[in-house]
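Using the sequences plus the hints, can you model the full thing?
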Amino acid sequence: MLSGVSFSVGKGELCGLFGPNGSGKTTLFKCCLRFLHAERGRVMVHNEDISRCNIEHLARLVAYVPQEHKPPFPYLVREVVLMGRTPHLGGFFGIRRRDREIAMDALATLGISDLADRPYNQLSGGQRQMVLMARAIAQDTPLLFLDEPTSALDFQNQMRIWEIMRDVAGEGKTILACSHDPNHVAWFCDRVVVVGDGTVVAEGPPEDVISEAVLGEIYQDVCSVRMLDGVQMVMPRCVAERNGKQESSRPLHDALFVGACGEVDAGT
Amino acid sequence: MTEPTGFNHLLKRLGYETSGGFGEEKKIVILLSLAAVLFITASVAVVLGTYNITVAEVYHTIFTHLTFGDVESLPKLHNTIVWDIRVPRIILATSVGGALAIAGAIFQGVFRNPLVEPYILGVSSGAAFGAALGIVFPTIFFSIQVFAFAFGALAVTLAYLLARSRGETPIVTLILAGVIIGSIFSALVSLLKYLSDDTALREITFWLMGGFYYATWNDVILLAPVVIISFLILWSLGWKLNVLSMGDDEARALGVNPEKYKFVVIALATAITAFAVSLVGIIAWVGLMMPHASRMLLGPDNRFVLPASLMMGGCYLIVCDTLARTLTTAEIPVGILTSILGAPYLCYLLRSKGRVIFG
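Chains A and B supply the protein sequences, listed in that same order. All residue numbers for the first sequence refer to our numbering, where the first residue is 1 and numbers rise by one. All residue numbers for the second sequence refer to our numbering, where the first residue is 1 and numbers rise by one.
No farther apart than 30 Å at their CA atoms in a straight line, the calculated lysine-lysine pairs in the BS3-like style are these:
1) K70(A) / K27(B)
2) K173(A) / K11(A)
3) K70(A) / K26(B)
4) K11(A) / K30(A)
5) K260(B) / K30(A)
6) K70(A) / K260(B)
It should be emphasised that the hints constitute simulated quantities derived from the structure, not laboratory data.
Below you can see the structure in the form of structure tokens.
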């Protein structure tokens, strides 16, 4: 499935993992988290080979935000977030007041304290994704793996999640996040690893990697890269071409994009 | 909360929160009330029976025994009926009900399915086959209990081994394996029924319906300690079980080894189920309903669901068994009553709270 994949992420970096459907991003994640065993090769976290450390220890090094799903039992949101503290617990049940405070703080960080007493499995997909993010923050690990953390979110919450990821990276934690949106990756990540067909296609800073050449290779020439107000924008080629031809007749279209970019600038 | 601070301190050491927004003080009060209800139910049940003994005489007999008083001075008949028949029968019903309900809560949590019951992995069919062997061939299979337990455990072991591949036991495979093994043993039970004479056939049928007809202190001494110890171990894993019910991958990411803990909790839940079934036969519904009822009262957190299931399961079987032995002059098999009383309850659940409980 995967071969010839080799890259490293430095401390405090926000690294985007980018690639088309079925290219092996999730498989790569699962290997890194030891859900799957790699036939060859090694995954090192903090100079430790993860195939040698046990599950309890690994959970104190790496937090994982899965793609959202619906569990069968109506756990309250605060209980789900408290589950993030599990690797740090000891004793009979081992939950201390401190753990509850950390869980509630994580909810506050994401601005979803008002959801604390709602049953988790009755929330919308986007809300559940925010809760899972809060859980990963409560887990308080030096490394976070996020599997499409913004896939079910509205635009405002997508930006909030990316900003939180930037803040978390600013605290010296390392984040590896999958995303399907080249713009998100280009705007927010320090580095990008592009995966295509089970191998690394390109790797480096986003301004180099998110280029028409690379995107053309993985997406068969549907993308154009333009600069707008000094910000790199990826847009569908058909839209870019239509826009170029009809610019004089449709001035509003351009203005909309600039508006969106302005909001993003404020956040970064 | 009016409990002394020492009690509060103990709760905190256990990891429960008595203040702050987690609402756990309310749940602890509910747990204590359930314990009180269980105690009251047992106290009432011990007075009821076809043979009329006054309330005062019943409690005098029990009190004399508990305080190591002069047992010889008690009327012999009262002593036999109350202390040798009713009391062990009630304690046995509590233990069996508790065991089945805990096992149900565990299986539902591990299999991430609120419609699972403790017999899902074939323990009941295996135990039924063992018991039927004991009934039909008493010279070879000398003890119904021993072989019921052995075959119950064997069935689950076979299902587990059948489902296990490359160090993993996926839940769907495990349930399918349980269904397969269960149906094999059911077929074997039918074969034995076909081969047996009328007396044995009747006995098998009665065994399959479950009952506490022959409850003795020996049964209590065997079962109760096992149930209590297993409960304490499972209870201490309550939080891990919560994490496990989120799915294998997430449990792994949260530092709970799914294979290890699945094995431990399934083994313990199977052991107490097989043990309970081997002593009293197959009693349906308790293991499915009581965890639900606990979740309705206390939410899905297994740190609360497990003790609540234990007490509610015990309570429910005391009520059913008391009805079974007092409704008519002849005894009704308790399994019939648990089903008749249980089904409407589940209908009510499905209609009123279906969306919350079943997701």
